[in-house]
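Colleague: Working from the sequences, and respecting the hints, build out all of it.
So the protein lines, in turn, are chains A and B. The first sequence maps to residues 1 to 265 in our numbering. The second sequence maps to residues 1 to 350 in our numbering.
Because the hints were derived from the structure by calculation, they are not lab data. Beta carbons are placed, not taken as given, at the ideal position from N, Cα and C, and that holds for glycine. Errors might be hidden in some of the hints.
[Stated by the list, open to error] A few chain B residues facing chain A, derived, Cβ under 8 Å:
(1) GLY71
(2) PRO74
(3) ASN80
(4) PHE83
[Said to hold, decoys possible] If the Cβ cut is set under 8 Å, some of the chain B residues that face chain A in the computed set are:
(5) TYR75
(6) MET81
(7) PHE100
(8) GLY101
(9) GLN105
(10) GLY107
(11) PRO152
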Amino acid sequence: MSAAASWARRATLFIGFVFLYAPIVILAVMSFNASRLVSVWGGFSTKWYAALLENEQLLHSAKISLAAALTSATIATLLGLLAAISLARFGRFRTRMLFFGAVHAPLVLPEVVLGLALLTCFVAFGVGRGFVTLVIGHVTLTMCFTTVAILAALRDSDPALEEAAMDLGATPLGAFIRVALPQIAPAIVTAYLLAFTLSLDDLVIASFATGPGATTLPMRIYSQVRLGVSPQINAISTLLLALVAVALGLAALVSSGRARRDGKW
Amino acid sequence: MSAPLLSIKGVSKKFGAVVALEEVSLDVGAGEFFALLGPSGCGKTTLMRCIAGFESPDAGTISLSVVDLSGVPPYRRPVNMMFQSYALFPHLNVFENIAFGLRRQGGTRDAIDARVGELLAMTQLSAFGHRRIDELSGGQKQRVALARALAPRPKMLLLDEPLAALDRKLREETQFQLKEIQRLTQTSFVIVTHDQDEALALADRIAVMRAGRVEQVAGPMEIYDRPATRFVAGFVGETNFIEGRLDRNGAAALVAEFGRIPCEPGDLPDGARATLSVRPERIGVAREGEGIAGFVENFVFRGETTLLRVRVARDIVLRAAACHGERHAIGDSVRLNFPPGAGTLLAEET
Chain A
1 MSAAASWARR ATLFIGFVFL YAPIVILAVM SFNASRLVSV WGGFSTKWYA ALLENEQLLH
61 SAKISLAAAL TSATIATLLG LLAAISLARF GRFRTRMLFF GAVHAPLVLP EVVLGLALLT
121 CFVAFGVGRG FVTLVIGHVT LTMCFTTVAI LAALRDSDPA LEEAAMDLGA TPLGAFIRVA
181 LPQIAPAIVT AYLLAFTLSL DDLVIASFAT GPGATTLPMR IYSQVRLGVS PQINAISTLL
241 LALVAVALGL AALVSSGRAR RDGKW
Chain B
1 MSAPLLSIKG VSKKFGAVVA LEEVSLDVGA GEFFALLGPS GCGKTTLMRC IAGFESPDAG
61 TISLSVVDLS GVPPYRRPVN MMFQSYALFP HLNVFENIAF GLRRQGGTRD AIDARVGELL
121 AMTQLSAFGH RRIDELSGGQ KQRVALARAL APRPKMLLLD EPLAALDRKL REETQFQLKE
181 IQRLTQTSFV IVTHDQDEAL ALADRIAVMR AGRVEQVAGP MEIYDRPATR FVAGFVGETN
241 FIEGRLDRNG AAALVAEFGR IPCEPGDLPD GARATLSVRP ERIGVAREGE GIAGFVENFV
301 FRGETTLLRV RVARDIVLRA AACHGERHAI GDSVRLNFPP GAGTLLAEET
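Modeller: Structure below.
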């Protein structure tokens, strides 16, 4: 390959990365800006992070977001596991295709529609909006992702393994726990982290599903940005970004470790 | 005679419109090496899965040691299965795979360790206890699967095509090992196979199955020498089918288009249309003298024999095996001799 072509390739790659990540890098860099002005660099400082600790409102919202993400990810993973088991192991029951479609629909459903539907539903049933409805909303949003992730793994694991375990004296539940679960454990972890991340940074569903007492961090950030960008927002966003990056990194690590063990590289 | 270990009576099973098993009845004795032989789709695997408890028959009963097994789930049956894919647990090492059934039964650590050690020794895997499953060769995996299924001391071991995944040379070696292990453990083995050589080599008795039915149950020699139906004769080994009419006058013989072939008439009436099945190696080949005349159309060297295709009539070609050392060329004229009792007379199938 000629040197020019090689340079062209590198340049394209570089431009691509700049396009994707420059805003995020600028955001992170600006969170260490000593100046109050977003557009002017006034020297390095961590004072905005210190100021965060004083900001009760933001901290409260962060706690709500974390709690909602943890709870909804747990529920969504459990429900996703059950849905995947029924789709992968119960044969062709009569409403299987309908169930399959229903589980996967939120993947392509516009979030605004889902949010509005949730809101309508809560209002119709007279459910007061707050933390519980927020969790319900996020479970609805993330369950399809967890189901897809777990179903794929369950389909790859040989049902003969569970039969062999039963043949050797394990009850159906015992066979599932001792044999199938270890095979799909990495997928379950991945599904959980995915649901956690989705819930943590969701703005649309949360805006519809939550009530006054339970404002999530993305909602808080969004409402504050409308009043002007404060470096504090940069700081909390950077932290949020780091958390999501860690979660996704873990998920990638788990699944790549699994693949390496299976010799699939 | 004492009651058989496994008794299958009138078992039928349908999958939708497909009949997998139809009125199958079989007995397997204690300590017997039994083979279910048949082409793919004949229902042999379904029958095995019914015995293991993974399928339940639509009709009929399966009982083990006179206890009816219907409604008994697989994990409570004293029957273990060796899966065709081996179905070894990839997250456990060799030792833990073999110990799996023992741990479900309970029992002390020492007892389990001792039993697993015994099985590792029996299957020549003693050095591999701590290996991971994906570090084993095909033959080793096969032995782990066997050891795992034998570990809980089942009354009966089911083997689903146990040698199918092995290469030819290893297969023969493994056949001897299987037979030896069966003899040592005194466990009833029921093997499912589509390979007639495997069934003949391993089993004490063979059930030949076709389209959900049992065609014949007999020892390997009898299956080979005295097949009950045309299907059995054709499926097990090579054979010639000679069609003709039975003549019971004097020495019984089948009158075919090309000549009279002496045979045992059984209880067929005089003049009945029948088919004689004759194995190629039972036909004597000579250059001249008595016998049915024909000429060599083609031949295949097989090592210990040479298989000749001999045309005896315009549209009838018989296969005959000439002994080692005899040389024949295409176009040679030969005489075929049929010693009495060389073939099996089969009634016209209705």
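Colleague: Give a verdict on every hint.
Modeller: Consistency of the hints with the structure:
1. GLY71: With Cβ-Cβ at 15 Å, over 8 Å, it is violated.
2. PRO74: Where the cut-off is 8 Å and the nearest Cβ of chain A is about 5 Å from PRO74/B, the hint holds.
3. ASN80: ASN80/B check passes; min Cβ-Cβ to chain A is 6 Å, inside 8 Å.
4. PHE83: holds (5 Å)
5. TYR75: Where the cut-off is 8 Å and the nearest Cβ of chain A is about 5 Å from TYR75/B, the hint holds.
6. MET81: Since the shortest Cβ distance to chain A is 5 Å, the answer is holds.
7. PHE100: Nearest chain A Cβ about 5 Å off; hint holds.
8. GLY101: holds (4 Å)
9. GLN105: With a closest approach of 6 Å, the GLN105/B hint holds.
10. GLY107: Where the cut-off is 8 Å and the nearest Cβ of chain A is about 11 Å from GLY107/B, the hint is violated.
11. PRO152: holds (7 Å)
When held up to the earlier numbered hints, the structure conflicts with 1, 10 and fits the remainder.
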